[in-house]
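From just these sequences and the hints, can you work out the full model?
There are 2 protein chains.
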Amino acid sequence: MENVFRNLLLDGRRVDIAAENGVISRISPAAERDAGQGEPPRLVVPAFYNCHTHLAMDLLRGYADDLELMPWLQDHIWPAEAHLADDIVYAGARLAMLEMIRSGTVFANDMYWYAPAVVRAARDMGMRCAVSMQTIETGGPGRNDPKNVAANKELAALPRDASSMVFATYAPHAIYTVCEQTLRNIAAKARDEDTFLHVHVAETRFEVETCRKEHGGRTPVAYLNDLGLLGPKTVMAHCVHLTDDDVRIIADTGAVIVENQQSNMKLVSGLFPYKRAIEKGGCRLALGTDGASSNNSLSMFAEMKAAALCAKIESGDPTCAPAADVYRHATRGGAQAFGLDAGEIRVGAAADFAILKPDAAPLVPGFNRASDLVYAADTSCVDTVVCAGSVLMEHGIVPGEEAIVSAARDAAARLTGAATAGS
Amino acid sequence: MENVFRNLLLDGRRVDIAAENGVISRISPAAERDAGQGEPPRLVVPAFYNCHTHLAMDLLRGYADDLELMPWLQDHIWPAEAHLADDIVYAGARLAMLEMIRSGTVFANDMYWYAPAVVRAARDMGMRCAVSMQTIETGGPGRNDPKNVAANKELAALPRDASSMVFATYAPHAIYTVCEQTLRNIAAKARDEDTFLHVHVAETRFEVETCRKEHGGRTPVAYLNDLGLLGPKTVMAHCVHLTDDDVRIIADTGAVIVENQQSNMKLVSGLFPYKRAIEKGGCRLALGTDGASSNNSLSMFAEMKAAALCAKIESGDPTCAPAADVYRHATRGGAQAFGLDAGEIRVGAAADFAILKPDAAPLVPGFNRASDLVYAADTSCVDTVVCAGSVLMEHGIVPGEEAIVSAARDAAARLTGAATAGS
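Residue numbers (the working numbering), protein chains in the order written: chain A, 7 to 429; chain B, 7 to 429.
Don't take every hint at face value.
Copies of the same chain look alike in the list, so a pair counts if it fits in one copy or across any two.
To be verified - Simulated pairs of lysine to any residue, SDA-like, Cα-Cα distance not exceeding 25 Å: (1) 281 - 70; (2) 281 - 212; (3) 281 - 77; (4) 363 - 408; (5) 363 - 405; (6) 281 - 183; (7) 281 - 211; (8) 195 - 13; (9) 363 - 412; (10) 281 - 74; (11) 281 - 210; (12) 159 - 234; (13) 363 - 70; (14) 363 - 78; (15) 286 - 75; (16) 281 - 75; (17) 219 - 163; (18) 363 - 407; (19) 363 - 402; (20) 153 - 17; (21) 363 - 404; (22) 363 - 422; (23) 286 - 70; (24) 281 - 322; (25) 281 - 10.
If you are wondering where the hints come from, they were derived from the structure by calculation, not from laboratory data.
These numbers were taken from a predicted model, which means no experiment stands behind them.
What follows is the structure, given as structure tokens:
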């Protein structure tokens, strides 16, 4: 079946875009009846790919903020997470997907507990999702819960690449929560099964220092590389603290860095060294919001702006991380991290795009579209979102929104034992 | 005339809020017919006060980004500004006010050319505005244009305090654009006429170093204080580079700092030392977005998030700048900078508030309202905006929006000689 989206403004031209089997099948000059009637065309732009999330943590948004890391985890997040269950994760993932769709995002690379619930949520919402077979051996409660073991077994039956809307990745959480032998085993399985790896790397100075002490002076990047975990199908969140050698290893292996500047600022992890790792080091880059407990938004607009501004202040160079580059990282960079031909509006690419309100104040006057999107736009500019040719939001309406919000409030109350202000 | 806003959620209670003569005259339990019918109440929160803007620069949004300061100014901004005219500034200020209203802001402290146009724009849009009698003696083209001299004369007839919706301030641009004698003269006039002062201070390291060289080792803050410019009616934008002595002087004089973290990051000026100046130093604080050429958004949501995150990363302390403090700075802090009893929803305070969509995803589940507003919310959450008891936006509709956008596009094209992508 062909879906046609009419009277769109693409790079200054009025076009109609046709989608078939999830792919853009035709881009043609806008049909006369639309172009002639003076109805202004709507801007069409690539949608966003959010490459590091903990979706169900949307339920913990605002539950504990402005705290030191360990009190935050031990006194707030972990006790709440001890009450997680399949239906709670489902409700949280749906809220997160609603938030993402509204802000123009069509894909999440997620890592969390009870992943089969995330699979169902993604299918019900029509989004693309990389869902993790997560491994955490130490840290926090419930890590060896048999239900989680069963969940990962269930996930193992999923496809492993982005030609499927929902696919599974291996996700050893981090070097400080998974032991060396398990990391080796996961690396071997991921290689054997040609599966993406999703891992937190070099997020804090403490992680790097501990790694050096425990692993013969090696950095987390060098350590993971020695264990066979780095390669072009490895997606590494954070990477805040990198040596020049780390940058070389990452570039050489083709592993992808996912920047999470807002989370890194909020938790005082540090600023990602964009200029050194990307502009000079040539590493591959995608953007992610991290979870709502440490951001607390899943909007890629805000993440893009933080990426551009933090790169400048970190490098001392206002020409660093120009808007067009940042916008490409948030779109095509994220898609390419998972081998998906998307993030460009072109025949043959995935039919994933956002249609914007052309007269939204932040997009006016409109000298430079990438600049407007990175520095000025926000969720309020998004009118319609299309993923794999299907409409996820039309004119600001996401089907079932009211029920999603209501279920999320109930689930959040169960998770924390506290009533929410909005309920 | 009394205006009544019904079925609102204020700090967990369902209330009706009545406004009379621009002030909140009554807050009473929501009338039964609304409360009983199951219609969910809408959240009401204080509106924002944007304390440092160059409104008409909205026309230059996206015109020149990601550049070094001097090429940016000399090759792009100043040549465009040479084409400014009264009607261009009017169109730009209207676009900026549209953008502000949509994002929940009811006041701007503006500094720009052709200020009488800004006065008209504020009156036409129903916003509060502090409009500057700007003085720039050097730097850029057109600084001594007789039309600007006439504009400032016209402004001198305006009231000087926030009991009027639109009032005039003295705005010596900065120490590097206004000579010592003129600064002294302006300080004397502001004192005699009991008028607010609006000035850029210690924005860049270069400014501080030059000041020390030219003014006997004094910092910009010490120099301005010696000239008599600092006092409780002085509003100082940026203040990125402050010594401990500077902080003491600012706290002692009661001058107000306006943080502009996004602009400071984009232009690589540095990060405002929030912990030292505010939490330890006890200085008064308000927030501002700066102009759209260096931000490029006027949304106070984005500015609040930057304020909270930058304070944390600058101080290395994740408990620094908690959300409730940042939200107060963006609301009551800004109002108090100009002696306006506003930024709190209380009988007797100005009837300025934003009504939010309670089910907007970023506000769900709703554990902590300040946290949700600072870290998660954006323009898309705002439903209705009230200023001095009058409705500026209702259910997302700002009257005349289409004409404002269209006029802004025309004005931007005249300013730059370039067509815009949106037109």
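> For which of the previously enumerated hints does the structure constitute a violation, in increasing order of number?
Replying inline: 6, 8, 14, 17, 20, 25
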